[in-house]
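Novice: Each chain is listed here by its residues.
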Amino acid sequence: MSWWREPVWQQGIAIVLVIAGSVLIYLGAGGPGGMGGPGIALFAAGIILPLVTQLRRSWQERQTRRKDG
Amino acid sequence: MTLPITPLFWFAAIAPLTLVLVLLIGLRWKASSAAAAGYLLAVGIAIGLFRTGLDTVALQSVKGVWDALFIAYVILPALILYEICDEAGAFDTIRRGIEAITPNTLLHVLAFGWVFPSFLQSITGFGAPIAVAAPLLLAIGVRPVWAVALPIIGHAWAKTFGTLGVAWEALTRVTDVDQPATAIIATALMLAMAALLAGIVITWLFGRWQALREAWPALLLISAIMGFGQLAVAPFAPNLANVVPTAVALIVIVALARTVYARPSQITQSPLMADDAASTALPAEAPRRPMPLWLAFAPYLLLTVLIMAVELIPAIGDPLGALRFGLPFGGAQTGYGVITPPTDAYSGFAPLAHPGTLLLVVSVVAFVVFRIRRDIPFGRIDDIAVDAIKTSIPTIMALLAFVAMALVLQGSGMILELAAGLGQVATPPVYALLAPLIGALGGFLTGSNLSANILFGPLQAEAAEALRLAPEIILAAQTAGAAIGSSITISAVLLGLGAVGAAAHAGVAIRKMMPFVVIALAAMAAMTLAGTWMFPTSTANGG
Chain A
694 MSWWREPVWQ QGIAIVLVIA GSVLIYLGAG GPGGMGGPGI ALFAAGIILP
744 LVTQLRRSWQ ERQTRRKDG
Chain B
3 MTLPITPLFW FAAIAPLTLV LVLLIGLRWK ASSAAAAGYL LAVGIAIGLF
53 RTGLDTVALQ SVKGVWDALF IAYVILPALI LYEICDEAGA FDTIRRGIEA
103 ITPNTLLHVL AFGWVFPSFL QSITGFGAPI AVAAPLLLAI GVRPVWAVAL
153 PIIGHAWAKT FGTLGVAWEA LTRVTDVDQP ATAIIATALM LAMAALLAGI
203 VITWLFGRWQ ALREAWPALL LISAIMGFGQ LAVAPFAPNL ANVVPTAVAL
253 IVIVALARTV YARPSQITQS PLMADDAAST ALPAEAPRRP MPLWLAFAPY
303 LLLTVLIMAV ELIPAIGDPL GALRFGLPFG GAQTGYGVIT PPTDAYSGFA
353 PLAHPGTLLL VVSVVAFVVF RIRRDIPFGR IDDIAVDAIK TSIPTIMALL
403 AFVAMALVLQ GSGMILELAA GLGQVATPPV YALLAPLIGA LGGFLTGSNL
453 SANILFGPLQ AEAAEALRLA PEIILAAQTA GAAIGSSITI SAVLLGLGAV
503 GAAAHAGVAI RKMMPFVVIA LAAMAAMTLA GTWMFPTSTA NGG
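Those protein sequence lines, which keep their order, are chains A and B. In this text, residue positions in the first sequence follow this note's numbering: the first is 694, and each later residue adds one. In this text, residue positions in the second sequence follow this note's numbering: the first is 3, and each later residue adds one.
FYI, nobody ran anything at the bench for these hints, they're computed from the structure. Don't take each hint at face value.
Unchecked claim - Reference listing, derived: stretches of chain B covered by chain A, where coverage requires no fewer than 3 residues with Cβ under 8 Å from a Cβ of chain A:
no.	stretch
1	30 to 41
2	53 to 63
3	396 to 410
Unchecked claim - Capping the alpha-carbon separation at 25 Å, the derived lysine to aspartate or glutamate pairs in DMTMM-like fashion look like this:
no.	chain 1	residue 1	chain 2	residue 2
4	B	LYS392	A	ASP761
5	B	LYS392	A	GLU699
6	B	LYS392	B	ASP57
Note that beta-carbon positions come from the ideal geometry of N, C-alpha and C, so glycine has one too.
Just chain A, same shape as in the assembly (with noise of 0.2 Å):
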């Protein structure tokens, strides 16, 4: 399995991506046009992540519970 497929480097992509949002955010936030939405972009999708694996997995848990049952 490639390791950015394990959750655990998942959360570590999510995190990068947040602090370099919050980052682009900060510096933008300074400039004549105004925060931006890249920062805003990166920043939610780093928030996402982890909620996407969640709702991922508890649909797999509910699946094989379906086929068990």
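Keeping the supplied structure of chain A fixed, place chain B upon it in accordance with the hints.
Specialist: Just chain B now, kept in the frame of chain A:
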């Protein structure tokens, strides 16, 4: 400010927190996923209902990330130190060594779950009491979840006057209390009750009535030293109100271990302890070279000494703390006029005096010493580092989302909505009962007794004046409640679980602490009600 205080807004304000707790405790989701869901809901409600601009939400989130990173800066080094000590066999030595001093496991649990973290809280904070005490409890055979829950319960009472009294100082600055002596005595009494209750709860958890029968002399003596000691010192030196009594309590508990509690506890099976306590600390490897007890303790003793030196000795702490930086942030205002003031240096970070740096220094020293003694095999540093990073990642992710959520709740006015809503519907006696709960809510959401006092102190004082309740008593309830709430906050639980590599059990740990929280807040509510009857409207009358 035109923030509507209505049932719709109130329930919307509490929805993100409710969602996190339901997902975490009810559905047993991982903390990072539950926190992410709570954050997204908070953002939606902030923008959609509380008229908060996207820029305000984004900047509050960045502040949350900034705060979370410095909590993470304690977790990762704490975990590295834990892995180093575990790899070297130090925890096994500690367990055997402590059993040699006294085989009484009940006293071990009280010492490391109650007295020692209280002492650490008195001089520091920032999660250090949990990060240090949890691995030591694990070493003596306590189950991982309890190894985190016990010190959190045990040190909660020491939050207000702990960290050299900063939370108390903040409360007095933001509220301009007329009769600080009454407030300080009321606070110390409520916290003394919490100290006794913590000891009783930990003992009860260890072995129910039998444990209480066995431990009552120690419980009463230590509680009296910590509780009445705080009460005696606080009016004269609030910043030392915890340091002095907890240091005395540490000495007394060692004396008790050598005298009254020198024999094994009569309770042989405790739900707090791992089935095979030895297996918790013993790695499945070949027998090791014996390690002296002092050396096994040395990393955590060195850490305690360093923290004390930085916090208590100005000649050391001042120059180290002089290098300090924080991010400047502009102010913001929501559509309902909730203002977030601008700041030149948000949440200042002193890297040389921060517990994370001290933990890193101790980790390096411990690794070098254990490596020279060949307690750690050559080449293991890579594994230790990778293990520590992998274990801390879920905790750090959860922290980022949870602290960002708390800051969004704050910036959008949702936390104000919660407190103001409770204040608006309450009659004076009901408000007296709710005051500690409001403090606890602030502590739970901000993760800090200090922040909760700054956030809710003025509001509580204002409500007390309006309802003709003694503000001194209400403010005592605020800070005492915040002490309890800030102890059991999700970030504190994650920090502890991260330090012992058990991040997946946040929901379980919170559930285990809930009975203590409920009893402590109920008792504080009763004391507040009694206090407002005994001191009717002292300040309202110009007192």
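Novice: Which of the listed hints are broken here?
Specialist: The structure breaks hints 4, 6; every other hint is satisfied.
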